[in-house]
Amino acid sequence: MKKRGFWSRHRDMLMLSGLLIVFVGGIFGIGSLFSIGHGKPRTVILPDKQFNSRLAPPPSSTIQIESATKLPNDFAIYDFEVADSNTIILNRSDRSYTGIKLSQLHMDDNLLKDIATNTEYGITLSPNKSKLVYSQYRSTQAQKTTYEYDMKTGEHRKLKNDNSYSRVFVGNESYIGYDDLVFNMVELKTGKKHELYSYDELVAKVAQTSNISSADDTLIMLDLYEISRDLSRVYVLVKLKENYAVYSFSLNDKNDITAYTPAQDIQQFKVLKNGDMLIQGMINNEQGLYRYRADTKKFELLVKGPIWSFDLDEEESRIAYFLTLEGQKNEVHIAYLNDRKLGSDTVIYRNIDYFIKLKWNDSNLFVVGSSMEKSELYRFSFRAW
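Residue numbers for the sequence shown, in this note's numbering: -11 to 373.
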């Protein structure tokens, strides 16, 4: 048998080696020619008309909507609170329009369940979303009856001797309620009541602190007050003779009262972690959303215009607000709350009919619009880029 020659035995390997040498040599050769023609490297800026959008670095924070859900209903919604991303507690109309129903709505499957009928207006939900306190009117009783509702088990427990309304939780096991005469602290487990202030006493303290000649010139706004994060103070909105102001009262010392700088009008306020406040109202004949600086006792305008409602998320990093425009138009905005201004202010929805309220829950924003016969519930889910 004739032996194979060297080329025949190593032909494939030699051809592959030669191709690699040519390929590598070509790369370095082109690089050398480029270096000879250009002593220094340079950047070539291509005209932006060649692109559909500008080539620019992304902003430090951009708001993006992950999902949006719209749920139409054949009933009116008067008020609502958010228990979790899928569960809404709401005041809705009864079919006979004789009272208010307290109901629970699951958005994902549109499952509606009544918690109680013929209840008062307003929703008192504990901070951990586990307990709900409500009052119910019965035809056979002269006074309403107050109950605690367990959100997990669905059990109702009657609370003794409590005829209060306009409630706000202090922690998860007690709440403050007003009964037309006195502001009481009520313990859920024991049912014990502790009188904090009578209405007349509170009005007198406001008049004295602000040097108002007559207590008749003050009015406590019972539908708008909140508790400090350390659970030691209650903040209330007071209508004075010519303007509005926020006051804070200690829950432990009746002589400890703080008056904040008054404004022409205050429709809503929110106390921040650092002691500042967000104010929706009018300052110096200018409607808008303001930040009240606790250190300087001055207002700073964040958004100009007729704003109906706003809400902050739990971290106080994002704010949502509802802005009305000319021609019966409106906008729902979301923005980042920075120290001196709002960042990445974005319109997420326009022209919601009969706006009621908006509310944050984690990264979800809930918005409700309602007429006397029907309503729409929106849920927007966000993420930050």
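Source of the hints: derived by calculation from the structure; they are not laboratory data. Some hints here could point you the wrong way.
Simulated pairs of lysine-lysine, DSSO-like, Cα-Cα distance not exceeding 30 Å [claimed, not checked]:
id: 1; residue 1: K317; residue 2: K285
id: 2; residue 1: K117; residue 2: K89
id: 3; residue 1: K317; residue 2: K362
id: 4; residue 1: K317; residue 2: K345
id: 5; residue 1: K286; residue 2: K329
Listed next, with one range per pair, are the computed distances between beta-carbon atoms [unchecked claim]:
id: 6; residue 1: S55; residue 2: T141; range: 38 to 48 Å
id: 7; residue 1: S55; residue 2: S305; range: 13 to 23 Å
id: 8; residue 1: Q196; residue 2: L260; range: 26 to 36 Å
id: 9; residue 1: E288; residue 2: N339; range: 44 to 54 Å
id: 10; residue 1: S186; residue 2: W296; range: 26 to 36 Å
id: 11; residue 1: L169; residue 2: R371; range: 27 to 37 Å
id: 12; residue 1: Y125; residue 2: E189; range: 20 to 30 Å
id: 13; residue 1: H144; residue 2: K285; range: 41 to 51 Å
id: 14; residue 1: E288; residue 2: G142; range: 39 to 49 Å
id: 15; residue 1: G159; residue 2: P60; range: 32 to 42 Å
id: 16; residue 1: D138; residue 2: D283; range: 11 to 21 Å
id: 17; residue 1: N326; residue 2: W296; range: 18 to 28 Å
Since the model is a prediction, treat every value here as computed from it, not as a measurement. Here a beta-carbon is modelled for each residue, glycine too, at the ideal position from N, C-alpha and C.
Between K317 and K362, is the straight-line Cα distance small enough, at 30 Å or below?
holds (19 Å)
Keeping to a limit of 30 Å between CA atoms, is the pair of K286 and K329 held or broken?
holds (15 Å)
S55 and S305, beta-carbon distance inside 13 to 23 Å?
For S305 against S55, whose Cβ atoms are near 20 Å apart, the range 13 to 23 Å holds.
L169 versus R371 beta-carbon gap, inside 27 to 37 Å or not:
violated (49 Å)
Whether the CB-CB distance between D138 and D283 falls inside 11 to 21 Å
Violated: the Cβ-Cβ distance is about 43 Å, outside 11 to 21 Å.
Take the C-beta atom of E288 and the C-beta atom of G142, compute their distance, and say whether it sits inside 39 to 49 Å.
holds (46 Å)
Hint consistency between K317 and K345 [alpha-carbon to alpha-carbon, up to 30 Å]:
holds (16 Å)
Outcome for the supplied range 26 to 36 Å, where the beta carbon pair is Q196 and L260:
Since the Cβ atoms of Q196 and L260 sit about 27 Å apart, the hinted range of 26 to 36 Å holds.
Between H144 and K285, is the Cβ distance one that fits in 41 to 51 Å?
holds (46 Å)
Distance restraint evaluation - S186, W296, Cβ atoms, bounds 26 to 36 Å
holds (33 Å)
Take the C-alpha atoms of K117 and K89, compute the straight-line distance between them, and say whether it is at most 30 Å.
holds (19 Å)
Does the hinted range 20 to 30 Å hold for Y125 and E189 at CB?
holds (29 Å)
Comparing the model with each numbered hint stated earlier shows that hints 1, 6, 9, 11, 16 do not hold.
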